[in-house]
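Student: Below are the chains, spelled out letter by letter.
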Amino acid sequence: MPTTSPPTYPSMQEAILSGDERCAAGLARAAIDSGLLALDIVEKGFIPGVKRSGELWEAGEYFLPELVASAQAMKAAMEVLRPHLETGSGWTGAARVVIGTVKGDIHDIGKSLVAALLSANGFLVFDEGVDVPVERFVTRAREVEARIICASALLTTTMGVQRQLVAAVRSARLDSKVLVGGAPVNLEWATSIGADGYADSAVTAVTAARRILMEAAHATT
Amino acid sequence: MQPHELRTRIEAGPLLLDGGLGTMLIREGLDHGKAPEWWLVEEPDRLRSIHRRYAEAGSDILLTNTFGGSESKLASMGLGGRCRELSHRAVELARQAAGQRILVAGDMGPTGLSLPPIGSASLDEIRDQYHAQASALAAAGADLLVLETVYDRREALTAIEAARETGLALLVFMTFESRPRGFFTLMGDPLVPTLLALAEAGADGVGMNCSVSSTVMLRMVQEAASAGVERLMAQPNAGDPLPSAAGVTYAADPGTFAADARSMLRSGLRVVGGCCGTTPEFIGSLRSVLDQPEAR
Chain A
1 MPTTSPPTYP SMQEAILSGD ERCAAGLARA AIDSGLLALD IVEKGFIPGV
51 KRSGELWEAG EYFLPELVAS AQAMKAAMEV LRPHLETGSG WTGAARVVIG
101 TVKGDIHDIG KSLVAALLSA NGFLVFDEGV DVPVERFVTR AREVEARIIC
151 ASALLTTTMG VQRQLVAAVR SARLDSKVLV GGAPVNLEWA TSIGADGYAD
201 SAVTAVTAAR RILMEAAHAT T
Chain B
1 MQPHELRTRI EAGPLLLDGG LGTMLIREGL DHGKAPEWWL VEEPDRLRSI
51 HRRYAEAGSD ILLTNTFGGS ESKLASMGLG GRCRELSHRA VELARQAAGQ
101 RILVAGDMGP TGLSLPPIGS ASLDEIRDQY HAQASALAAA GADLLVLETV
151 YDRREALTAI EAARETGLAL LVFMTFESRP RGFFTLMGDP LVPTLLALAE
201 AGADGVGMNC SVSSTVMLRM VQEAASAGVE RLMAQPNAGD PLPSAAGVTY
251 AADPGTFAAD ARSMLRSGLR VVGGCCGTTP EFIGSLRSVL DQPEAR
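For the protein sequence lines, the chains are A and B, in the order given.
Counting in the working numbering, the first sequence runs from 1 upward without gaps.
Counting in the working numbering, the second sequence runs from 1 upward without gaps.
Simulated from the structure, these hints should not be mistaken for lab results.
Don't take every hint at face value.
[To be verified] DEER-style ranges, computed between Cβ atoms:
| no. | chain 1 | residue 1 | chain 2 | residue 2 | range |
| --- | --- | --- | --- | --- | --- |
| 1 | A | Thr191 | B | Glu125 | 50 to 60 Å |
| 2 | B | Asp124 | A | Leu187 | 20 to 30 Å |
| 3 | A | Ala217 | B | Arg27 | 41 to 51 Å |
| 4 | B | His4 | A | Pro10 | 49 to 59 Å |
| 5 | A | Gly194 | B | Glu85 | 19 to 29 Å |
| 6 | A | Thr157 | B | Gly167 | 33 to 43 Å |
| 7 | A | Lys51 | B | Thr249 | 28 to 38 Å |
| 8 | B | Gly78 | A | Ala167 | 16 to 26 Å |
| 9 | B | Gly78 | A | Leu187 | 24 to 34 Å |
[Stated by the list, open to error] Some chain A residues close to chain B (C-beta under 10 Å, calculated; not the full set):
| no. | residue |
| --- | --- |
| 10 | Ser18 |
| 11 | Gly60 |
| 12 | Asp108 |
| 13 | Pro184 |
Just so you know, even glycine gets a beta-carbon here, dropped at the ideal spot from N, CA and C.
This is chain A alone, in the form it adopts within the complex (with noise of 0.2 Å):
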């Protein structure tokens, strides 16, 4: 077998804009073949990719399809790099967030824009997609170490499982803060339930796992 270079930073930067899946796990497979740090590949490769896919979005270039396709092609890079990025021992990147519709819920259009904007905004995004238990929710955050956990519910019937969820995530002695949305949701909910911050769109979304992420910092200093 010919040996190959190393795949480029710009083609796994390609592979993330053109929202090819296949592509960004073959790159991000051949990138950690070829020697190729799993830090570097995921900062220097892939997360400027997800971060243009975000600027084209707020530019009006890119719409919900592209972000999408976008967010689900460093879903697959990352399933690849994981198990080679090294979590607890230094890895300081990316913060990383689970991303689900509660149990009961398929409502998805606003979850999966969400989603795509954390990832668009440098967040490493686990979408668990739709009518997710909460023991799921839990289960990977723990697995991930996710800072964040966020939870969408539209209707009254389902948004009694993020109350469930922020209790087993307390009892579960998780770090992870739980951020609601949906329809329904409002801040007043969000308090009665214990959650650590509520959002009424994709874009107060970003805001609020941002001052999330902020918080934690300052009350370690």
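Given the structure of chain A, go ahead and fit chain B onto it with the hints provided.
Tutor: Below, chain B without anything else, positioned relative to chain A:
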């Protein structure tokens, strides 16, 4: 009503739809997050009363309480298996309020199924949903069909295909936003080419609803009208939403709304109504505008 009949009526003079139904249901006590269609079963009298208020305010067309009435949407809201039954109740209730003179439109909103890359539904699945709902509404005696708040052109075109099989006239609204490069749906469909595609596919009226105030929608109307879009329609929101501890209220007043509507009519709009936040008061203001001689 046959497509050509409705087209003739639209061309003869502007038509007035009704205002927000969800808005009114919430005001009357519908729980947040609960499907409005539940009131077809639980509170038919109060629902009929809301239809009646729009009829009295001057609507030419009442929309049935079936926005989330596709089988897929109903199933996600605890009303699975009841599409046909609820379509019938909805048309019946609206008809009781409409009397002879006012038309009853079977209303259809998005199915809740998402096409790739957002979700994994297929066009066939989506077409089947619209076909079932449109057939049920037609069988129940709706005079025409209305499709609204769709933000994916592929879904809208599929819905038109399915709805036209009923033989009923069809009005189609899509939701556009103001983005840096112009007016687009969330999925990136541009305003004018999309409206033209909807007309080409057989919609008897095409236009925009939801998401924006009448002032923003006026600009959409002007752009579409300048580009030659015919039988143009608009259903703006009552201004921008203002979230508060009590819930969401809308910023605009009926006066501004009516003034914007007058400008829209002058630009060539043919069908007007109100979406989120609008009430019988808004429709009453629109009626006054439409009844002025220069509105024709």
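Student: The structure should be examined with respect to each hint, and the outcome stated for every one.
Tutor: Checked hints:
Distance hint check: the CB atoms of threonine 191 of chain A and glutamate 125 of chain B are about 40 Å apart, inconsistent with the given range 50 to 60 Å. Under the hint 20 to 30 Å, the C-beta atoms of aspartate 124 of chain B and leucine 187 of chain A, about 42 Å apart, miss the expected range. Roughly 44 Å separates the CB atoms of alanine 217 of chain A and arginine 27 of chain B, a value that falls within the hinted 41 to 51 Å. Between histidine 4 of chain B and proline 10 of chain A the CB atoms are about 57 Å apart, so this pair conforms to the stated range of 49 to 59 Å.
The given range of 19 to 29 Å is broken by glycine 194 of chain A and glutamate 85 of chain B, whose C-beta atoms sit roughly 41 Å from each other. Under the hint 33 to 43 Å, the C-beta atoms of threonine 157 of chain A and glycine 167 of chain B, about 38 Å apart, fit the expected range. Between lysine 51 of chain A and threonine 249 of chain B the CB atoms are about 36 Å apart, so this pair conforms to the stated range of 28 to 38 Å. At roughly 25 Å, the beta carbons of glycine 78 of chain B and alanine 167 of chain A sit within the given window of 16 to 26 Å.
At roughly 27 Å, the beta carbons of glycine 78 of chain B and leucine 187 of chain A sit within the given window of 24 to 34 Å. The beta carbon of serine 18 of chain A comes no nearer than 12 Å to any beta carbon in chain B, farther than 10 Å, and the hint placing it at the interface is violated. Interface hint at glycine 60 of chain A: satisfied, since its Cβ lies 3 Å from the closest Cβ of chain B, which is below the 10 Å cut-off. At about 6 Å, the closest approach between the beta carbon of aspartate 108 of chain A and any beta carbon in chain B falls short of 10 Å, and the interface hint on this residue holds.
Annotation: proline 184 of chain A was flagged as interfacial toward chain B, and the flag holds, the nearest CB pair being 4 Å apart, inside 10 Å.
Comparing the model with each earlier hint shows violations of hints 1, 2, 5 and 10; every other hint is respected.
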